[in-house]
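S.K.: The lines below spell out each chain.
Protein chains: 2
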Amino acid sequence: MKLGDGVEQAIHAVTMMAALPDDGVMPAADLAEFHGVSSSYLLKHLQSLSRAGLLQTLPGPRGGYRLARSPAEITLLDIVLAVEGPEPAFRCREIRQRGPNPLPQSMFTAPCGINAAMLRAERAYRDELRKVTVQALLDGLTAEDRTGDIAARGCAFLQARMRHSPPRS
Amino acid sequence: MKLGDGVEQAIHAVTMMAALPDDGVMPAADLAEFHGVSSSYLLKHLQSLSRAGLLQTLPGPRGGYRLARSPAEITLLDIVLAVEGPEPAFRCREIRQRGPNPLPQSMFTAPCGINAAMLRAERAYRDELRKVTVQALLDGLTAEDRTGDIAARGCAFLQARMRHSPPRS
Numbered sequence: 015m016k017l018g019d020g021v022e023q024a025i026h027a028v029t030m031m032a033a034l035p036d037d038g039v040m041p042a043a044d045l046a047e048f049h050g051v052s053s054s055y056l057l058k059h060l061q062s063l064s065r066a067g068l069l070q071t072l073p074g075p076r077g078g079y080r081l082a083r084s085p086a087e088i089t090l091l092d093i094v095l096a097v098e099g100p101e102p103a104f105r106c107r108e109i110r111q112r113g114p115n116p117l118p119q120s121m122f123t124a125p126c127g128i129n130a131a132m133l134r135a136e137r138a139y140r141d142e143l144r145k146v147t148v149q150a151l152l153d154g155l156t157a158e159d160r161t162g163d164i165a166a167r168g169c170a171f172l173q174a175r176m177r178h179s180p181p182r183s
Numbered sequence: 015m016k017l018g019d020g021v022e023q024a025i026h027a028v029t030m031m032a033a034l035p036d037d038g039v040m041p042a043a044d045l046a047e048f049h050g051v052s053s054s055y056l057l058k059h060l061q062s063l064s065r066a067g068l069l070q071t072l073p074g075p076r077g078g079y080r081l082a083r084s085p086a087e088i089t090l091l092d093i094v095l096a097v098e099g100p101e102p103a104f105r106c107r108e109i110r111q112r113g114p115n116p117l118p119q120s121m122f123t124a125p126c127g128i129n130a131a132m133l134r135a136e137r138a139y140r141d142e143l144r145k146v147t148v149q150a151l152l153d154g155l156t157a158e159d160r161t162g163d164i165a166a167r168g169c170a171f172l173q174a175r176m177r178h179s180p181p182r183s
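These protein sequence lines are chains A and B, in that order. Following my numbering, the numbering of the first sequence begins with 15 at its first residue and continues without gaps. Following my numbering, the numbering of the second sequence begins with 15 at its first residue and continues without gaps.
Where hints are given, some of them may not hold.
Which copy? The list can't say, so a pair holds if one copy fits it or any two copies do.
The calculated SDA-like cross-link candidates involving lysine to any residue, where the alpha carbons are at most 25 angstroms apart (straight line), are [stated by the list, open to error]: (1) 58 - 41; (2) 58 - 172; (3) 58 - 75; (4) 58 - 114; (5) 16 - 82.
Keep in mind that the hints were calculated from the coordinates and are not lab data.
Please model the complete structure; the sequences and the hints are all you need to start from.
M.R.: What follows is the structure, given as structure tokens:
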């Protein structure tokens, strides 16, 4: 089981955007530069986050990305599902119905217990991700940063690269 | 996030082997035939299950596979980790340390809060899988099978294909 690298990039980018002032937007290329990742790869994930309603895209030379709602209203689950898609990790192929001497499909109305057990675990995973908001991540990153230097580096970069855009409608 | 198809196949194969009598073993080819899956692909997963200590491999013309311990002592987590490997789904690349104006590595002694949150969810997932034994799966499959026909088909196949091997040491 493996999540794509895009998940880590997306979470970090969203957390950085959570620190933007109200009129601030960040270009994708700058978000990529700060995180040392491929700009085209990150752009793909930013677009997925936009499609999922987590980011706003402001076009034009002063454009960029910003959160579409408050960081307290975006969870890790929202980000993971936006980047990885909504399907559960375990995808039942109903192999119980295959093989020699097949039985009529009507005998398999009860869901396969194996699938049900795997989906219970997926639910526990998602419940845990749903508990963590981007605001909590940002607060945690600040708390871990005893000297304040990590936050200062991020803030300086934001200040230097962010663009000022029309306030939210 | 996606688990390989091998996980479903491995769980079904292990659950079928849980129904073997004490001296019974099943050849990989028959397990594959019953589940309508590629024999070489299933074999790869059976070998992973053996390496993880979940199956015993009995070589020779009367050989095959059987569980290495009681079905009450094998969990879904054992099977998933044997097939997919022990790494968590989220693999932190420490991208917080990348980018321009890097800070000294010594400033990043606290684990990244994003990684920590993702690992908490992984733990919840694994805890849930650890709760489900192969014995419980087998009991559940029997309970779901109102007419008994699904179990009867499986048992008939086992009876026809299993081999009798020396008892466990």
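S.K.: Of the numbered hints stated previously, which ones are contradicted by the structure, given in increasing order?
M.R.: Violated: hint 5 alone.
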